[in-house]
Amino acid sequence: MAPVPMPSALTFELLGKCSVTKARAATLHLPHGPVPLPIFMPVATQASLKGLTPDQLEESGCRLCLNNTYHLGLKPGQATLDAIGGAHKLQSWPHNILTDSGGFQMVSLLKLAKVTEEGVRFLSPHDGAPMLLTPEHSISLQNTIGSDIMMQLDDVIATTSPDLARMKEAMERSVRWLDRCMQAHKNPERQNLFCIIQGGLDLDLRRECTAQMVERDTPGIAIGGLSGGEAKDAYCKVVDTCTGLLPEKKPRYVMGVGYPEDLVVSIALGADMFDCVWPTRTARFGNAITTRGVLNLRNAAFSEDFSPIEEGCRCVCCRKRDEGGLGITRAYIYHVTAKETAGAHLLTMHNVQYQLDLMKRAREAIIEDRYPAFLHDFFAKLYSDKGKYPEWAVTALRGVGVDLLSDDAS
Amino acid sequence: MFEGDGTSKFSQLPPEMLDFTILKSTSALAPRLGRLSLPGRTPLLTPGFLGSTSRGVIPHISQDNFRKYTKLGGVYVALEDFIEKHPQKTPPIFSPDGPESLRRFIALPENTLLVFGARRQPPIPTPVANTNTEAAILTSVGFKSISSEYYAAAARKLQPDIVVGLADIPFGQETVGTKRKDKMSDRTENWTRDIIAKRNDIEKGGEEKRWNIFAPLLPIDRDLQSWYLEHLVDEMADKIQGMAIYDAYLLDDLPEELHHLPRLSFHVPASPHELLRQISLGMDLFTVPFISDATDAGIALDFTFPAPTKPKDMQRSSRHSLGIDMWQSAYSSSVTPLTEGCECYACTKHHRAYVQHLFSAKEMLGWVLIQLHNHAILSSFFSGVRSSIESGTFEEDMAAFEAFYDPNLPEKTGQGPRVRGYQFKAEDHGKAEKKNAKAFRKFDGEGTEEKVKVYAAHGQQPSKKKAVEDRIDDEALIGLVDLANVEGVEGLSIEDDSQGYREPQAAIEHRS
Ligand SMILES: [Zn+2]
Ligand SMILES: [Zn+2]
Numbered sequence: 001m002a003p004v005p006m007p008s009a010l011t012f013e014l015l016g017k018c019s020v021t022k023a024r025a026a027t028l029h030l031p032h033g034p035v036p037l038p039i040f041m042p043v044a045t046q047a048s049l050k051g052l053t054p055d056q057l058e059e060s061g062c063r064l065c066l067n068n069t070y071h072l073g074l075k076p077g078q079a080t081l082d083a084i085g086g087a088h089k090l091q092s093w094p095h096n097i098l099t100d101s102g103g104f105q106m107v108s109l110l111k112l113a114k115v116t117e118e119g120v121r122f123l124s125p126h127d128g129a130p131m132l133l134t135p136e137h138s139i140s141l142q143n144t145i146g147s148d149i150m151m152q153l154d155d156v157i158a159t160t161s162p163d164l165a166r167m168k169e170a171m172e173r174s175v176r177w178l179d180r181c182m183q184a185h186k187n188p189e190r191q192n193l194f195c196i197i198q199g200g201l202d203l204d205l206r207r208e209c210t211a212q213m214v215e216r217d218t219p220g221i222a223i224g225g226l227s228g229g230e231a232k233d234a235y236c237k238v239v240d241t242c243t244g245l246l247p248e249k250k251p252r253y254v255m256g257v258g259y260p261e262d263l264v265v266s267i268a269l270g271a272d273m274f275d276c277v278w279p280t281r282t283a284r285f286g287n288a289i290t291t292r293g294v295l296n297l298r299n300a301a302f303s304e305d306f307s308p309i310e311e312g313c314r315c316v317c318c319r320k321r322d323e324g325g326l327g328i329t330r331a332y333i334y335h336v337t338a339k340e341t342a343g344a345h346l347l348t349m350h351n352v353q354y355q356l357d358l359m360k361r362a363r364e365a366i367i368e369d370r371y372p373a374f375l376h377d378f379f380a381k382l383y384s385d386k387g388k389y390p391e392w393a394v395t396a397l398r399g400v401g402v403d404l405l406s407d408d409a410s
Numbered sequence: 001m002f003e004g005d006g007t008s009k010f011s012q013l014p015p016e017m018l019d020f021t022i023l024k025s026t027s028a029l030a031p032r033l034g035r036l037s038l039p040g041r042t043p044l045l046t047p048g049f050l051g052s053t054s055r056g057v058i059p060h061i062s063q064d065n066f067r068k069y070t071k072l073g074g075v076y077v078a079l080e081d082f083i084e085k086h087p088q089k090t091p092p093i094f095s096p097d098g099p100e101s102l103r104r105f106i107a108l109p110e111n112t113l114l115v116f117g118a119r120r121q122p123p124i125p126t127p128v129a130n131t132n133t134e135a136a137i138l139t140s141v142g143f144k145s146i147s148s149e150y151y152a153a154a155a156r157k158l159q160p161d162i163v164v165g166l167a168d169i170p171f172g173q174e175t176v177g178t179k180r181k182d183k184m185s186d187r188t189e190n191w192t193r194d195i196i197a198k199r200n201d202i203e204k205g206g207e208e209k210r211w212n213i214f215a216p217l218l219p220i221d222r223d224l225q226s227w228y229l230e231h232l233v234d235e236m237a238d239k240i241q242g243m244a245i246y247d248a249y250l251l252d253d254l255p256e257e258l259h260h261l262p263r264l265s266f267h268v269p270a271s272p273h274e275l276l277r278q279i280s281l282g283m284d285l286f287t288v289p290f291i292s293d294a295t296d297a298g299i300a301l302d303f304t305f306p307a308p309t310k311p312k313d314m315q316r317s318s319r320h321s322l323g324i325d326m327w328q329s330a331y332s333s334s335v336t337p338l339t340e341g342c343e344c345y346a347c348t349k350h351h352r353a354y355v356q357h358l359f360s361a362k363e364m365l366g367w368v369l370i371q372l373h374n375h376a377i378l379s380s381f382f383s384g385v386r387s388s389i390e391s392g393t394f395e396e397d398m399a400a401f402e403a404f405y406d407p408n409l410p411e412k413t414g415q416g417p418r419v420r421g422y423q424f425k426a427e428d429h430g431k432a433e434k435k436n437a438k439a440f441r442k443f444d445g446e447g448t449e450e451k452v453k454v455y456a457a458h459g460q461q462p463s464k465k466k467a468v469e470d471r472i473d474d475e476a477l478i479g480l481v482d483l484a485n486v487e488g489v490e491g492l493s494i495e496d497d498s499q500g501y502r503e504p505q506a507a508i509e510h511r512s
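Top to bottom, those sequences are chains S and Z.
Take the first sequence: its letter number 111 is residue 111 in the UniProt record's numbering, and every next letter is one higher.
Take the second sequence: its letter number 94 is residue 94 in the UniProt record's numbering, and every next letter is one higher.
Because the hints were derived from the structure by calculation, they are not lab data.
As the structure is a computational prediction, the values presented were derived from the model and not from experiment.
All C-beta atoms, glycine included, are put in the ideal place defined by N, C-alpha and C.
You may find that some hints are simply not true.
Stated by the list, open to error - Listed below are several chain S residues computed to face chain Z (Cβ distance under 10 Å; list not exhaustive): (1) T53; (2) G85; (3) L90; (4) A211; (5) S303.
Only chain S is shown next, with the shape it has when bound in the complex (with noise of 0.2 Å):
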């Protein structure tokens, strides 16, 4: 029985489509204006990003970032959200916010945690009083927020578990639990509710449960349940598997990608949206995101390369002093990181922006239909010599029509 359809509030205004390959490029209309798709969602975990002001975070460019239910629950907590009157006033955020359900940290961060019809059973981290999280009280929890996309609370195990009779129950469960996620959602006019296509690494289980997802019609749909560990041939193959059965006019959003390649593989596949902590975790130990690689700015050998993070990088640590940037060198970031807060800020706009810069690029390709050549570039760039390319990306790139091995660019 799927309920009535909820209304939405968002518009998704597709703009161009590849003609080779799955990608789309699109506007996303939000409760807090509009957003470009395809898109990485920085992880602002407890309303912060990692040192970041909202101020810095929005000169980076981003106008959409996540934050996450089960921590705000915890902290401020509900009262608290409440009386602030929600989480874009509690950290001054003009622009959008998404939230996830809270039962992916559950499962995760809670060894004690056990999953029933009912909710998610766990033990409090701050007392170890028994708590019991449900599809209503996360939705409870995501109103109070005020988030512009909610998800849904949904059974979340490992791709990588052999029993297929659990992944069954937990893809089932999940349908279960977004009929009454739909049914608590007070704000459908003015928060968006995003179901989660579940099923594990079995494309059987993945397309039932992107058709009885489909048929209940929110707004957005998630791919979940991915990015824990699973072969890259087997992430490819779900990810491909359901972006095909999905209405086009939809925003699809894979939830915990963030490497660079593995998000214009997924652009490639027809995915929209990405989140990922790795890009500012991975800043705070020196690493800096480039189109050549990832630079461990912690090794000794960049004490002494008063080069910028990333030549011709736009962001104000990278930009020229006579640009009215900061001239910030790769020496300056060995010299201060891991030994003064301000080092690890800097090194995190860099990356960013590295990851919202990648996505305007890749954006601009499909609107002007060359996101092939954009993706040879992108490997050419990244690995010295093409025996290197990861062969999940040259298998799943094949797979929508464009060969990274050959020479021919087009």
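Given the coordinates of chain S, assemble chain Z with the ligands onto it according to the supplied hints.
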């Protein structure tokens, strides 16, 4: 405006003459108003303060935020923050050619005054003693010594605006014998002559930038440094541009011939009251280490000068606190600014509830916001001091301030960041918390080797025990946990992926 690569602009600067104009002064030991100006830099009004940097940055304030949100006209930078590779290797800071390499390296704006000294303020006592030719310093990897020539060469290469001359002071020593004091004055005189000679080697008005020199006034009785002071007056008065004062209560001993020079205090103030006392003696310029100390302790400073007048109906017997402890949960739903009327970024854009949340969640942004706020509080404080001197009410305003506020900053209650290695101070010794004690013992004993291992661990990413990962990577960076005591740190592998990407991580890495 065309600026080319920025190089041309530097060389077009007029001679680097520091000008100090005393705008108001009533008598020798009285508060005074002044203006410190240097071509190309924003003039600094005194009494005023310099931002204290650590490794080239004011802690928690990235350089873009420094530009946008602070009103600091000058910063103090210590050489010891940059030369850990000395003497085995030439420290990287000396590699780049071109003008003002230090300013460019630390991304300091063009118009900010750059004051350069050998040691951080306050300096950490060194077990290594100074010698006739070398001064002891502390880098992030341990104690070292530098010669006076090395210091001058560093100044020549780095091109700061003002160089504070090397002083021979046995920091941390309770009592110093008379013989040792004689040596202090002899060595300091020699070192001052050195830095002057090296500066004067550089052609006036030439291509190469000359620096301004602040000569030390030692924290010893006048008769013990009388030769030094006499020579300063007779032979060096026209070659130095300011004085660095290590004991404000010895300002009385400053020869009158040097009164026209700006006075930079290296007498560490513990509170705003002490700042006022020093100002009342005629001090001009300060570094204020208690700003960052308060920030690290989670205390948002909350005072104004002059103090507010107490409303009649709200007479209180108790004095007002100088700061708000953001670890306390009292403000968790309060959407008011940290300090009513404060114009800082934290107060105009955010509210107490958010700052409270950030501390509760141990998010780095909490420290960023109160550090910006605390600097703004001091900027307003000094601007209030200048107006008060201007209008001739300083003495009364100071008395009213002392009556209105607690004499000391609030005790820290929360988990202040673990005192970070070479930044910690001798005073912390006695009251070091348990988790600090171990580090200090090691530190105090055989040098810094153990300590250095802890730093190295900051850069390591736990790859196995996911449950502790978040805790470690966030809290270690802000110093909330001592990695040595965190379960699960053993067996960490150094994440060294300088080439290419890492293998896919487990789900938690992606999504938590
Ligand atoms: Zn950059
Ligand atoms: Zn403020």
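Check each numbered hint against the structure and report the violated ones by number, ascending.
4
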